[in-house]
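A.B. asks: Whenever a hint applies, use it, and build me the whole structure from the sequences.
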Amino acid sequence: MTEIGLNHFLIVSTVLFSLGIFGIVTRKNAVMVLMGIELVLNAANINFIAFAKYGGFGYQGQLVALFVIVLAAAEAAIALAIVLNIYKTFSTVDVDQIDTLKD
Amino acid sequence: MTEQLLIKFSILILFLPLIGFIVALLFGKRFSRIYLFENIVLFISFVLSVILVYAKLAYFIDSTITSEIQWITVGSTTIELGIELDNIAVLMILVVMIISLLVHLFSIAYMKGDSRYNRYFAYLGLFTFSMSGIVLTHNILMMYIFWELVGISSYLLIGFWYEKKSASDAAKKAFIVNRIGDIGMLAGVLMLFITYDTFTFDKIFDQISQGILPFNSEFWLTVTGLLIFCGAIGKSAQFPLHVWLPDAMEGPTPVSALIHAATMVAAGVYLVVKVFTMLTGDALFIIAIIGMLSALIPATIALTQNDIKRVLAYSTVSQLGYMIMALGVGAFTFAFFHLITHAFFKACLFLGSGSVIHGMHHEQDIRNMGGLRKKMPLTYATFLISSIAISGVPLTSGFLSKDGILAGTFAFGSLTGHWLFAIVGFLVAMLTAFYMFRLVILTFHGEPRNKDKYDHAHESPFIMVMPLVVLAGLSFFFWYTPNPLDASKGWVVTEWIKPPQISVPENARYDFMKTDILAQDGKIDGYPVSYSQKYTKAVHQAHYPAMLLSLLVAGLGILMAFVIYQWKKLDADKLALKMKPLYNISYNKWYFDEIYDATFVAGTTGLSKLLAKFDLKVIDGIVDGSATVTRGTSTFSGRFDNIVVDGLVNFMAYLSGFIGLIFRRFQTGKVQTYIVMVIFSLVILLFIFKSL
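Top line first, the protein sequences correspond to chains A and B. The numbering of the first sequence is our numbering, which starts it at 9 and goes up by one. The numbering of the second sequence is our numbering, which starts it at 35 and goes up by one.
Note that these hints are calculated values from the structure, not bench results. Every clue listed holds true.
Label pairs and their in silico Cβ distance ranges:
| id | chain 1 | residue 1 | chain 2 | residue 2 | range |
| --- | --- | --- | --- | --- | --- |
| 1 | B | Leu682 | A | Ile106 | 36 to 44 angstroms |
| 2 | A | Met43 | B | Met686 | 42 to 50 angstroms |
| 3 | B | Ile713 | A | Val39 | 18 to 26 angstroms |
| 4 | A | Phe98 | B | Leu726 | 40 to 48 angstroms |
| 5 | A | Ala89 | B | Thr707 | 21 to 29 angstroms |
| 6 | A | Phe98 | B | Leu682 | 43 to 51 angstroms |
| 7 | A | Ile106 | B | Gly694 | 20 to 28 angstroms |
| 8 | B | Met686 | A | Lys61 | 53 to 61 angstroms |
| 9 | B | Met686 | A | Ile106 | 30 to 38 angstroms |
| 10 | A | Met43 | B | Leu682 | 52 to 60 angstroms |
| 11 | B | Met686 | A | Val39 | 45 to 53 angstroms |
Straight-line distance between alpha carbons at most 20 angstroms, and here's what the computed SDA-like set of lysine to any residue pairs gives:
| id | chain 1 | residue 1 | chain 2 | residue 2 |
| --- | --- | --- | --- | --- |
| 12 | B | Lys704 | A | Asn93 |
| 13 | B | Lys704 | A | Thr34 |
| 14 | A | Lys36 | B | Gln701 |
| 15 | B | Lys602 | B | Arg407 |
| 16 | A | Lys36 | B | Tyr708 |
| 17 | B | Lys704 | A | Thr97 |
| 18 | B | Lys704 | A | Val101 |
No residue lacks a Cβ here, since even glycine has one placed at the ideal position from N, Cα and C.
C.D. replies: Put into structure tokens, the structure is as follows:
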């Protein structure tokens, strides 16, 4: 039984990041895209904590992780508001159909 | 009486007629009696000029009063406006004012009923203003300006009846011929200016007497003097520019009296008098020759003319030639004296002819007159007195001045050996006497040749006769000298008119003008000394022979006139037939107009035609050619623009459109696509940077 090291954390965070990107790219529902973003952020958080612990950076990494959580909360609030506005404008939250940028 | 007061007077004299001109011109249409205003200001000017002359001669007889203001200053050069009052100027201004006033009065009656009555007086005012300006100015630039003003006002007056083609032609002729002389004068003025950096007479003469000459040579001083004299040739109608004056008789007759007898034409002589001190011996000699020709040729023409005014016009040219000749031979005093006396009796003759023309209801041909003595006694008497004066009969002013001039030419002959001037002088004196009495006899004596016109003839009204009487009165000797036979005893030529100090270098003068020891009191045997004792003595010696000879020739001329026209001992027509070629030359005015038409006028028009052709063919050809070339180039460049440049631009647009079409595909508008691309490119970048 090997000890849990930095690589395990990085693997977890990579998996989490990939799942997040996958969600962002493939999901049709805007809310699901948002959730993907949250996953990506949390993957970054795991990296920060892991490097803080194993990289010898002290509490700085944890501090940044706390900031990211706060940031994520704020981001969620704003993004949900945007989604709400999108729904009001286009009567849908399907991101495939919102392609007015093209024109 | 202070000098300042005199200056103020002369400024008033100068500008009052101008005010009259402006007022009469502006309000002439609204107020029909505005001409009275013009007459009144002129009368004030006249009174002031009388005071001016009296004060000048009584208190400042030996001094020259000048006053000037700065006009333009450029660098170190200052051009001044100024007034110079010497004896000659004040005498001249008095003559101008007397004649101008009398002509104004005469015109009131003569011009009555004219549709442009007020305008006529306005022009008279302008003319008087310009003439006074010439007389009073102290620098040659101002003189030139007034010179041109006189030119333009004479143009207006000669062409006053411009509905008549002959009048407007005559006005144009006078103006253009004058212009030819004025070009020379302008050149002379500029020569003086570039040499002396000033226009003021005194300063120029000062520098000349210090030996500063144009281009440092006496030759150029001669040239400058002659160039300025060109102005006098034009204005004083001297040979060869005399042709305008007889034609100028198309103007109203009082105008002829004012302009062509007494003032404008006298301006040329006045100019020569003014610059006399800077004329070299050579220049004076040429001036004398021009004067001699101008005296002789018109006198011969006057013998055969039939228009009463034309006879007088040629007589004027002849008399002006006399004065110029007198100046040329150095008889300065008598030349100016003759200018004064001639102004009066010639104005009287012209106004007299105006009176005759008025009385005969605009008949000017003496062949249709005769016997008018009974109908117009006062006109006859004054005309006769003036004719006697111009012929040079004792007791008249004309005798005094003419005698002086003849004595001058006589003296010149004895001093230099050039007797021709004296011979021509006496010959012209005889011709003058002859044609003047021919005129008098044909007009006033004998039987009326045109009964109808004679019956309707009448004496002119008082306001026309009065000026005649005044002018005839001024033709007597006692105004000028107490001795009816010798002007040298009188005040005019001894006290008032004095020859100037010659300022040209000694070796450029006539021999007799060279400085020698002058008599102590400036007089020899009671005679005034001018230039040198030698000259004075010569004039003194010449005086009595000249007087006797002039009496003889005048008597001869008058006698011949009576023999031919009064007593008809000789038939004029037969005489004319006998001397057919001579008569033709004289009758056709020596063919001057024809010669000028054939040479100068035809030459000018020919040259103009040639130039017009050159213009049409060559210049227009060049212009057209360059236009064609430009058009061709433009067409080519237009094509180039359309095909090459536009093609390039269109191609670029098409290309970018094409590229856009390709890249457009990538822009799906879906955020997720973009993200995929971002991540994809990020991964690529990561690989690239990893390998670095």
